Amino acid sequence: MADAQVFEETFTITSVNNEKYDRVSRIYGTSADNQLTMTLDINHELFPVQLGATLSMVLATTLSLDGTSNEQNETMWRNVGKQGVTTLADMYDYVCYGKNYRMEDGEGDQMYVP
Numbered sequence: 755m756a757d758a759q760v761f762e763e764t765f766t767i768t769s770v771n772n773e774k775y776d777r778v779s780r781i782y783g784t785s786a787d788n789q790l791t792m793t794l795d796i797n798h799e800l801f802p803v804q805l806g807a808t809l810s811m812v813l814a815t816t817l818s819l820d821g822t823s824n825e826q827n828e829t830m831w832r833n834v835g836k837q838g839v840t841t842l843a844d845m846y847d848y849v850c851y852g853k854n855y856r857m858e859d860g861e862g863d864q865m866y867v868p
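For the sequence shown, the residue numbers in my numbering are 755 to 868.
To be clear, the hints were calculated from the coordinates, so they are not data collected in a lab.
One should not assume that every hint holds.
Ranges between beta-carbon positions, derived for each pair [as the list claims (entries may be wrong)]:
#1 772 <-> 820: 31 to 41 Å
#2 838 <-> 774: 37 to 47 Å
#3 780 <-> 851: 14 to 24 Å
#4 768 <-> 862: 16 to 26 Å
#5 790 <-> 757: 18 to 28 Å
#6 838 <-> 787: 30 to 40 Å
All of these numbers come straight from a predicted model, not from anything done at the bench.
Where a beta carbon is used, it is the ideal one built from N, C-alpha and C, also for glycine.
Input sequences plus hints: build the corresponding full structure.
Shown next, in the form of structure tokens:
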């Protein structure tokens, strides 16, 4: 059994840009200690965000609370809430599914996930 969460941080939204697409806003945020910045595209019809709002962001390897990998339960993200199984998604208002294919080194200790 492994911990599914690999990153967790709270961000304050510093800017909301919804000019480019109809239902998508690009939000920008800064962590409480001003060490991290976040840029994220969200569906603002499903999850409206206001300037100054505080959001908790978690990156996880799986939605399974016991850390079961996606290889063992490949379709879990599609079945969230359907089979009465509690998942990490139940703890949040907005959940995205995807993969980070690369990370880039920045200056000093900075790292970027494009």
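Each hint tested on the structure:
{"no.": "1", "hint": "772 <-> 820: 31 to 41 Å", "verdict": "holds (38 Å)"}
{"no.": "2", "hint": "838 <-> 774: 37 to 47 Å", "verdict": "holds (39 Å)"}
{"no.": "3", "hint": "780 <-> 851: 14 to 24 Å", "verdict": "holds (18 Å)"}
{"no.": "4", "hint": "768 <-> 862: 16 to 26 Å", "verdict": "holds (22 Å)"}
{"no.": "5", "hint": "790 <-> 757: 18 to 28 Å", "verdict": "holds (20 Å)"}
{"no.": "6", "hint": "838 <-> 787: 30 to 40 Å", "verdict": "holds (39 Å)"}
Against the hints set out earlier in the document, no violation occurs for any number.
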